[in-house]
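> For this one, chain A is given, so just place chain B on it according to the hints.
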Amino acid sequence: MRIRKPWTAWDDALDWKQLPGAMGVYELADADQRTLYIGKASGTSPFGLRGELCRHFTTAEALAGANWTHPRMGEDLPSIKGKARFYRYEVNHNYYSRWIEVLTRYREDHETLPPGNLEDPEQPPPLGRYHWKSEDAARGL
Amino acid sequence: MDFELSEEQRLIIDNVRRFIREEIRPLEADLDPDAYRLKPEDEARLEAMTNEMGLFQMDVPQEYGGPGVDTVTRTLIAEELSQHRAGLYAPAYGVFGSGPQGQLYNATESQKENYLWPTIRGEKHGFFGLSEPSGGSDPARAIQTRGVRDGDEWVINGGKLWNSGADTADYGIVYVRTDPTKGRQGITAFIVDTDTPGFRVNRLVQVLRSHYTTELSFSDMRVPHENILGEEGGGFALANDYLARNRIPYSAAGIGVAVYAHEIAIEWAKQRVTFGEPLASRQAIQWMLVDNEIDIRTARWACLAAADKAEKGLPFRFESSMAKLISTEGAGRVVDRCMQIMGGLGMSKDLPMERWYRELRIRRIGEGPSEVQRIVMARDLLNIGSGSR
Chain A
1 MRIRKPWTAW DDALDWKQLP GAMGVYELAD ADQRTLYIGK ASGTSPFGLR GELCRHFTTA
61 EALAGANWTH PRMGEDLPSI KGKARFYRYE VNHNYYSRWI EVLTRYREDH ETLPPGNLED
121 PEQPPPLGRY HWKSEDAARG L
Chain B
142 MDFELSEEQR LIIDNVRRFI REEIRPLEAD LDPDAYRLKP EDEARLEAMT NEMGLFQMDV
202 PQEYGGPGVD TVTRTLIAEE LSQHRAGLYA PAYGVFGSGP QGQLYNATES QKENYLWPTI
262 RGEKHGFFGL SEPSGGSDPA RAIQTRGVRD GDEWVINGGK LWNSGADTAD YGIVYVRTDP
322 TKGRQGITAF IVDTDTPGFR VNRLVQVLRS HYTTELSFSD MRVPHENILG EEGGGFALAN
382 DYLARNRIPY SAAGIGVAVY AHEIAIEWAK QRVTFGEPLA SRQAIQWMLV DNEIDIRTAR
442 WACLAAADKA EKGLPFRFES SMAKLISTEG AGRVVDRCMQ IMGGLGMSKD LPMERWYREL
502 RIRRIGEGPS EVQRIVMARD LLNIGSGSR
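Protein chains in written order, with the working numbering: chain A, 1 to 141; chain B, 142 to 530.
Derived from the structure by calculation, the hints contain no laboratory data.
All residues carry an ideal CB built from backbone N, CA and C; glycine is no exception.
It is possible that some hints are incorrect.
[What the hints assert, rightly or not] Over 12 Å on every C-beta distance to chain B, these chain A residues come out as not near it, computed from the model:
(1) W10
(2) D30
(3) P71
(4) G82
(5) G140
[Stated by the list, open to error] Okay, derived cross-link-like pairs now, DSSO-like style, lysine-lysine, Cα gap no bigger than 30 Å in a straight line:
(6) K180(B) x K133(A)
(7) K265(B) x K133(A)
(8) K490(B) x K17(A)
(9) K411(B) x K490(B)
Chain A with its partners taken away, still in its complex shape (with noise of 0.2 Å):
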């Protein structure tokens, strides 16, 4: 199933220190809400789902005055860079198999993965299927 948290709007003064250094599961979006990208913050990744959207959605300028920094800060990809202005997760010790999980959902939905996961270096392994689309597919969503 897709991650059923309502989106957050990026907002540039939110205190990074109120999302979860936990690992787990994260789409972002654009400003229509439309997925432009499904990542994992994963057992590697430092920071956890903190570092991973604060690397999207943020600069090391911006962090400054924080106690660290993510090594990929700011580097996104041409579909995200700019464009990404949602956000939601879902922290998940099962990390992979739940990235997965959301990747395969949205691609029997719409037939594609998202634009940003196009592009990722980083490839899901081979995607299952389930034979019938989402209720939320059948409202355009």
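Relative to chain A, chain B alone:
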């Protein structure tokens, strides 16, 4: 029983051990700690190597083009293949080939043409559909998925649970109650294509390890009569034989993880100094290591005894249940002790211990819980139920 390995077995084991240490373990440094697949380019390269070693598709019988590895050697190999981070559930990341489910060797010639051979060639993948929401340990009574004959077809309604790989599979072997009046003789195995109308993957079921199973539903799913695997009403015997055989390499894989964890803990105990002395000098640590060794050796002997009986064509159901119980419970204890020895490092994703700890917990339930293994053995001891020692 001869406990010495033959020269050929020693050569094979040395080769596999070297392969795991030199080819598989180094790749894991760049993978997610919970990854269960290699990068495609590494997968292809390593499959070519296992082909060259003559061990690709080792579970495929010789008459079907496999290398013809005997059960005892296969058990020894299973212990080696799992000695890396993903090894318990993805031994060598599958580069030795996975082969078809054993029941397919009972297929008709046309079924072999459509399913067995393409699976051996790696063109098709199947899943095993036995457990249902109503239970998995007692399939003879728990199976409620119903098949009703309609001319040359069967109309199947119901669902399955805990089916690994059903979302990616081309077909599945699905166990269906075709005669509700006949108990275990009323269960039939069908080969079902996953693109059959009415076949649906409801959801993926996330579990303790980084893996998911599936929940399936079948709604008026029409399957041709010719897709019955084996005999009508013969599904239970087919499943039972498959489960008993599978328990031996399944058990040996648990030992491999315990062996690797034990090696890491021994190295650590020698190096780590606390209060001015290495950990290895502490009696508490020494006893933990000795208990590990006892658990490992006990499990290994139990697995080899089961494999030896299976290889000789003797009844081995009791031994395979005993091996499964001893190895899964023993390996769990070994990894638990190793984590205690390693301290904080044992909990971190820098080491594979935490992954094995989670995965081994599942092993005490998967392929028949410890309690069911005891039931199987008790039936033989007390001469109740079917089968004998």
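> Against the earlier hints, flag every one the structure doesn't satisfy and list their numbers going up.
none
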